[in-house]
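Enquirer: Single-letter residue listing:
Protein chains: 2
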Amino acid sequence: MIRKEDLQKFKNIKREHLKFINIDPLQRGGILPPESKKALEMWGDGYSVCDFCMGRLDLIKTPPIYEFVYDILPKFLEIDVVRITNGAREGIFLVMHSICKLGDTIVVDKNAHYTTYVAAERAGVKIKEVPNNGYPEFKINAEDYRKAIEEVKKDTGKLPSLVLLTYPDGNYGNLTDAKKVGKIAHEYKIPFLLNGAYAVGRMPISAKEIDCDFIVGSGHKSMAASGPIGIIGMKKEYEERLLKKSEKFKNKEVELLGCTARGATIITLITSFPHVVERIKKWDEEVEKARWFSGELEKLGLKQLGEKPHNHDLMFFEASKFYEISQKHPRKGYFLYDELKKRGVVGIKPGLTKNFKLSTYGLTKTELKKVVDAFEDILKKF
Amino acid sequence: MIRKEDLQKFKNIKREHLKFINIDPLQRGGILPPESKKALEMWGDGYSVCDFCMGRLDLIKTPPIYEFVYDILPKFLEIDVVRITNGAREGIFLVMHSICKLGDTIVVDKNAHYTTYVAAERAGVKIKEVPNNGYPEFKINAEDYRKAIEEVKKDTGKLPSLVLLTYPDGNYGNLTDAKKVGKIAHEYKIPFLLNGAYAVGRMPISAKEIDCDFIVGSGHKSMAASGPIGIIGMKKEYEERLLKKSEKFKNKEVELLGCTARGATIITLITSFPHVVERIKKWDEEVEKARWFSGELEKLGLKQLGEKPHNHDLMFFEASKFYEISQKHPRKGYFLYDELKKRGVVGIKPGLTKNFKLSTYGLTKTELKKVVDAFEDILKKF
Chain C
45 MIRKEDLQKF KNIKREHLKF INIDPLQRGG ILPPESKKAL EMWGDGYSVC DFCMGRLDLI
105 KTPPIYEFVY DILPKFLEID VVRITNGARE GIFLVMHSIC KLGDTIVVDK NAHYTTYVAA
165 ERAGVKIKEV PNNGYPEFKI NAEDYRKAIE EVKKDTGKLP SLVLLTYPDG NYGNLTDAKK
225 VGKIAHEYKI PFLLNGAYAV GRMPISAKEI DCDFIVGSGH KSMAASGPIG IIGMKKEYEE
285 RLLKKSEKFK NKEVELLGCT ARGATIITLI TSFPHVVERI KKWDEEVEKA RWFSGELEKL
345 GLKQLGEKPH NHDLMFFEAS KFYEISQKHP RKGYFLYDEL KKRGVVGIKP GLTKNFKLST
405 YGLTKTELKK VVDAFEDILK KF
Chain S
45 MIRKEDLQKF KNIKREHLKF INIDPLQRGG ILPPESKKAL EMWGDGYSVC DFCMGRLDLI
105 KTPPIYEFVY DILPKFLEID VVRITNGARE GIFLVMHSIC KLGDTIVVDK NAHYTTYVAA
165 ERAGVKIKEV PNNGYPEFKI NAEDYRKAIE EVKKDTGKLP SLVLLTYPDG NYGNLTDAKK
225 VGKIAHEYKI PFLLNGAYAV GRMPISAKEI DCDFIVGSGH KSMAASGPIG IIGMKKEYEE
285 RLLKKSEKFK NKEVELLGCT ARGATIITLI TSFPHVVERI KKWDEEVEKA RWFSGELEKL
345 GLKQLGEKPH NHDLMFFEAS KFYEISQKHP RKGYFLYDEL KKRGVVGIKP GLTKNFKLST
405 YGLTKTELKK VVDAFEDILK KF
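Residue numbers (this note's numbering), protein chains in the order written: chain C, 45 to 426; chain S, 45 to 426.
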């Protein structure tokens, strides 16, 4: 039995974090510009974009989803065919499910996001990892893909059915030489999937230049859209396999179960897109800010792991000093979260002190200075 | 090359239909109450609900997703275990993908939504249809499930691995005797999936009373939530199969790819829920309104197909008079859409005249009267 009194609190849920500077990498690229907040006033209802359904989400002309999916997004990603998914992970699963056979092995960078592993499990395929070079850089050497491919060939008697690279990875923000990975994959005629969840919408990226066969992006992670939504791009030659039509319902694409992101998510993806295109042009400034921030934290005795100088806003830090403090603090590891919050900063996972990741994306130098000062102030206090 | 000028229009997209009475069945159950529109102001950003990530969407305590998924929703559906999906169709695929083997046959009502067929294709399972009784009722006789099961057994040498009923179906709004279907399925020890996309959130429904093993609902279709989002409920005994954990990432559920509906969709599902619980209590009034409306249209010479007297707000009409007009009208079938719109009514698919579906859900008698008058007025005009 549900009691009415128990439900009242659900009606009005406040988001406390809005008051703070949020350095959580998950959050930085998904913040809506004002025009998309405004769009939600009109398009929040369930199936809002389906007033003029044309039988499939991507074919809707009002609002202009069709133009967005068939003209704008292919130009943006520089790839032949694009579709909307419920997220990057759903795109990854879609590729594996339509390209690989049960029991196949695929080659994946060791820095891959957990969803790559989970999608592979769901699709019934095995993973062969391309190792990173370990502490402190954790870099993936593109050339090692060749070794991994050869090992799969030797061990299983056949080539892997897919090569995947996480670009950048979600832990260290490392940008592997994707073009080289693509070249190696194609030498073996293996299709190449680029997971661009932290790239597409943040930084310039061209599927054509990298020469990947599939690329996935994340709307909520890096394209300033309400979650969950993603995009998938593919070369024409794979369209038929990935977007196979239903036998009974001729215009429905099986892997997309007909339609994906209806409503709030697709509308914000579209209304935010002009903003996204503009912000990408300032990527150099973002990298400069990240490097500056990294330098400032290193001056305080923290150590940035991953590529140096860094090429992305997502960074991983080792902070033994904070760890030492946590050992003697009554709140243990949670002290850092508490102390940062007191200083107007959130986004480091509660409990973490020794290692944590953060992002500087879209924050002004003044805001970043405030974050640096907060870290410094906490170190001084203890 | 994307030109900046081409993108400006995407920044400000208006939803024309908001001004009208919308009788599209897709839209009636997904309209946000004011508290959810308000919630979007704060929670529209990409991963908004993940500020306090606990490793998995359903475990998040702030906002109270955990309480909602583990306490409120199981009580609401009267079933053991519930999870959030990206939609009813994703829930249907999840069940098929984890319960059925490639090449299995499943038994499905002929009135099933197209996504049931597409999900089956994606999962590699075959469909055996339980026929309806044809024009004008298109009713499914629960007892015919037995016949279909026996035929599968005879033809394939084994029992179907799943029984599915669409409750109600999305064409005629017929409510088959679900309890009886469940009883037959369980006589054969076959698990029973109820597709409640047009029931859960609109009308009282109890998985316990119906005795289904799985139930799916749609947030955008019938739970006043921003799309896309759905829920899936299951009996405890199937939890391990449907929600299998990843081998490498022990707390991630493979079929959900870790997390599903983050952000705008889950927050509106929660903030709308008190409203949904209250509106369900008025289901008798909704049925009464639907029957009255059906009667009024029949007085005008339209014919309601499907169950009579009707038990759901979704209704299918045959309107030969409008069809006759369309044959002579310069706008052909589109005339009806035009004429209704002039009179403040939208939601009948542009081009349709002979047969169309609509819903009376959540509309006042005054609004419905306006719709009846519009139909009458158009008939008089031609």
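These are computed hints drawn from the structure, not numbers from a lab.
Mixed in with the good hints there might be a few duds.
In this list, chains with the same sequence are indistinguishable; a pair is considered to hold if it fits within one copy or across any two.
[Said to hold, decoys possible] Straight line, CA to CA, 27 Å or less: simulated DSSO-like cross-link-like pairs of lysine-lysine:
| id | residue 1 | residue 2 |
| --- | --- | --- |
| 1 | LYS48 | LYS105 |
| 2 | LYS55 | LYS414 |
| 3 | LYS145 | LYS294 |
| 4 | LYS105 | LYS81 |
| 5 | LYS398 | LYS105 |
| 6 | LYS288 | LYS326 |
Enquirer: Flag every earlier hint the structure violates by its number, smallest first.
Expert: Violated: hints 2, 6.
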